[in-house]
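Trainee: What follows is each chain in one-letter form.
2 protein chains.
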Amino acid sequence: MIDSTTKIAYLGPEASFTYLAAKGMFESEKLQPFPTIPDCLEAVADGRVDLAVVPIENTLEGSVPLTLDYLFHEVNVYIVAELVSKIQQQLLVHPNNANKWEQIEAVYSHPHALAQCHKYLYYRFSQVPLHSYTSTSAAAKLVAENPERNIAAIANASAAQKYGLTIAQSNIHDFHFNHTRFFVISRENVRIDKSTKVDTGKTTVMLTLPSDRSGALHQVLSVFAWRQLNLSKIESRPLKTALGDYFFNIDVLADENEPMMKGAMEELAALGCTVKTLGTYYTYETPS
Amino acid sequence: MIDSTTKIAYLGPEASFTYLAAKGMFESEKLQPFPTIPDCLEAVADGRVDLAVVPIENTLEGSVPLTLDYLFHEVNVYIVAELVSKIQQQLLVHPNNANKWEQIEAVYSHPHALAQCHKYLYYRFSQVPLHSYTSTSAAAKLVAENPERNIAAIANASAAQKYGLTIAQSNIHDFHFNHTRFFVISRENVRIDKSTKVDTGKTTVMLTLPSDRSGALHQVLSVFAWRQLNLSKIESRPLKTALGDYFFNIDVLADENEPMMKGAMEELAALGCTVKTLGTYYTYETPS
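In order, the protein sequences belong to chains D and S.
Under the UniProt record's numbering, the first sequence has 107 at position 107, and the numbering climbs by one with no breaks.
Under the UniProt record's numbering, the second sequence has 286 at position 286, and the numbering climbs by one with no breaks.
Bound-form chain D, shown alone:
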């Protein structure tokens, strides 16, 4: 499945958290940055790359809506592995300003990173304006290119190294248990099966309810509950038709080839659900 010609898209730029996760799993010369999540997924769907690595969920911020929605609405692809990576946020300044970082005039980062450091920023820099930027890495680049401005970026240690910045304060994220899940996506329903996997497999199912009648979701969950199929996650996302219309993303702790799972899928279809299965995959921890 992975050989010398394999091409792997990831949500760039280089030194992004997605890059760090992908680099922990694949050789870095196979990796190609793409500017947005839809670009990564379209590149897999139309065959320009073999695999794509995209973020799906963070412990603090929750799901990445664009990934979930694009997987449901726009492309027909499969999940072949899940990567879990610890996220550590650093306050980065230009080395010229290393002595006066306590007087920074602005902070730049991705909105998720700003949110992950919300309390730190609120108590430490309550008067300092926060600016949303397209990525943590791009914010680090901005700081590197403007040494005359006493500004800071929030990004990872790899970005500090890449852009020659000083870590003024380390690990400034509010919650210690800050992890992000990434999906490795393919056109084919296969799986990456290595000895370093940390679980026995999980299946992602996306479905819409048969109708908006009372208890429809309860009925759907009954399909899994009486079979003792445990769910590690259930989440609703808007169908983009009207407020109150949702699809559900369900992660089941089971293999799609197990008889119980096959029975559950058949029963969901019989109930009138539309079901999209994204395959069974294993989880890997990647260094950060």
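Note that these hints are calculated values from the structure, not bench results.
Check before you lean on any hint, since a few could be wrong.
You can't tell identical chains apart in this list, so a pair holds if it fits in one copy or across any two.
Here are the computed lysine-lysine pairs in the DSS-like style, where the Cα-Cα straight-line distance is at most 27 Å [stated by the list, open to error]:
| hint | residue 1 | residue 2 |
| --- | --- | --- |
| 1 | Lys276 | Lys119 |
| 2 | Lys233 | Lys276 |
| 3 | Lys194 | Lys30 |
| 4 | Lys30 | Lys86 |
| 5 | Lys7 | Lys162 |
Based on these hints, arrange chain S on the given structure of chain D.
Mentor: Structure of chain S alone, referenced to chain D:
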């Protein structure tokens, strides 16, 4: 409940979508802009204002995580009304550049607004860089203050009017059914009950499951299902402790004072759930 001295916080700046929704419900001289959602909610919690209006969910983007999480983790307040407002996005340029908007060099807006116009931007301006900004209104201000740059903002028509911009293309959002829900928040468990309400009341309940055993969520939903209490929404949000730990936000189409709802709440507690009820409230449509 609302008199001549009432002070109402809203997620600013002026001309934000939250401002438009709040202005449809309350006299504009009572309204005070606050820079962030936590600022709005803290202002209610500590008594600096009587009410706050904050966004909770958009048809396309889904829930506003910061609002849900802050209501669960940080403050003890109640929902006293829900406002539903149609969202229409416009491409705005400086009047000096009205003839050459097809050659714009950059687009600025809030990440949600950029996402809501994702396909329009992808097909119409695929080579043009997109810049995240703190709000649609702040992006409009940036365009107004830089007439020498051929740049555009995505914002509402009210922002065009406030900052003297030209609407180059109107209604550029990808999906027609684009609405946002806003909560009106108070320290007291009361409700705004006017003849213009469009529903018979809804109750928001936030809860954690008794334990991570198989079928716990199914058991919780059974509490509502056998009583024929219909849910208009269920959503999981990370507990910020570890990946896989969630709290659930459930909207029940019932009044918290009904015997069936009281019974359901008692049964949830008996099951070992921790339950936080944010009160019963009515929905109002506000012009956009």
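Trainee: Take the hints in turn and mark each one as holding or not.
Mentor: Hint check results:
1. With identical chains, the CA atoms of lysine 276 and lysine 119 are at most 27 Å apart between copies only, with a shortest distance of 23 Å across copies and 39 Å within one.
2. With identical chains, the CA atoms of lysine 233 and lysine 276 are at most 27 Å apart both within one copy (16 Å) and between copies (21 Å).
3. Proximity of lysine 194 to lysine 30 under the C-alpha cut-off of 27 Å is restricted to the intra-copy arrangement: shortest distance 18 Å within a copy versus 62 Å between copies.
4. In the homo-oligomer, the alpha carbons of lysine 30 and lysine 86 lie at most 27 Å apart inside one protomer (23 Å), although the nearest pairing across protomers, at 45 Å, exceeds that limit.
5. Taking the shortest Cα distances, lysine 7 and lysine 162 sit within 27 Å of each other inside one copy (23 Å), while across copies they are farther apart (49 Å).
Of the numbered hints listed earlier, not one is contradicted by the structure.
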